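Trainee: Residue numbers (the working numbering), protein chains in the order written: chain Z, -10 to 172; chain X, 15 to 181.
Treat the hints as calculated values from the structure; they're not laboratory data. These numbers come from a predicted model, not from an experiment.
According to the in silico footprint, chain X covers these stretches of chain Z (three or more CB under 8 Å from chain X):
#	segment
1	48 to 58
2	128 to 142
Over 10 Å on every C-beta distance to chain Z, these chain X residues come out as not near it, computed from the model:
#	residue
3	SER23
4	LEU32
5	THR39
6	GLN77
7	ALA107
8	PRO119
9	VAL120
Beta carbons are placed, not taken as given, at the ideal position from N, Cα and C, and that holds for glycine.
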Amino acid sequence: MTAGLEAALSVVLLAFVLAVAAFTAVVRDVLTAVVVFAAYSLGLAMVWVLYRAPDVGLTEAAVGAGVTTALFLLAISQTVRPASERVLVDRRSVRPRSVLVAGAATGGLLLTVPALPPVGASETPAFGSVAAFYLTDAAARGVDNAVTAVLVVYRGFDTFGEVAVVFAAAVAVLAVLGREVVA
Amino acid sequence: MTRAPFTDSPVVTTTVRLLAPFVLTYGLFTLFHGTTSVGGGFQGGVVAAATVITVAFALGIRQTAEWLDGRALAALVVAGPLVFGAVALAGVALGGAFLQLDVLPVPKATVYATEAVEVGIGATVAAVVVVLFVRIADGYAEPVADPSADADGAVRPVRPAEVGSDD
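One chain only, chain Z, in its complex shape (with noise of 0.2 Å):
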């Protein structure tokens, strides 16, 4: 891919990000911003891919606009939603206070943008002596993904710590509704 292709595609894919999530916020029913949250997270891993991350898109695709959006939809179906309101974006629900507090945050949050270095400038630290030491010894191991060589392999503690998480996910959700029975 060329990187004048490259670069419209990512301006193409950031600007339906920004779009989504914006249409996210303002949408007045929750089933259309369950919805239109689910193509937001689906642009964002393409972006991801686009950046060269293919298992965090993966991952995106999969918990974001996949499993989250089911259990949003299960959640939702259990509450009540006006019928007789058909309006997409009711301007009443959106408060002018909310928007300058969340317009300011994103303001201040890009004033730090100039402080990044360029994408894959190669002073910055992911290119330190620890990044080559990583891909030669990983390849060394036969460990081809140097993503998951990193997770198991030189981060093993904490890929550990994160499948306790995931462990006391559902210990945690199984005592909070008082069931012993997982299925």
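Go by the hints and put chain X onto chain Z.
Mentor: Coordinates of chain X only, in the frame set by chain Z:
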């Protein structure tokens, strides 16, 4: 009452029946090939669990939940921490450090230890997602095709716990 269940659409059920095996295969591929290609335990487990969720949405959440084996699910939930802990302690038992994978007495020890850990992670993640889904669906009443029923809000979700049919 002759209301047809909302889930009876042949397009949805046929599509899910056709796609589910391929999605599950992709999930398992992602799970088992985490060391050589994109993905790993977390991603593969979520994709595998998404198969169950898709089937449940298409063919009925209640029926799918009843089809699931609670003991097998519980075993899968604890598989990840157990396998990870066993692999980590095996390194200590063989004279290495906690979580040191290359001291295990198998060829390409790091690769196979990583694979074992990934499979354990995948089992736990998939089972936990399914458990969360099934438990959140507890208070879920299957929607009905009759549009006049929910326009006036007459349809109340029936909680299976109140019905008292399961466990």
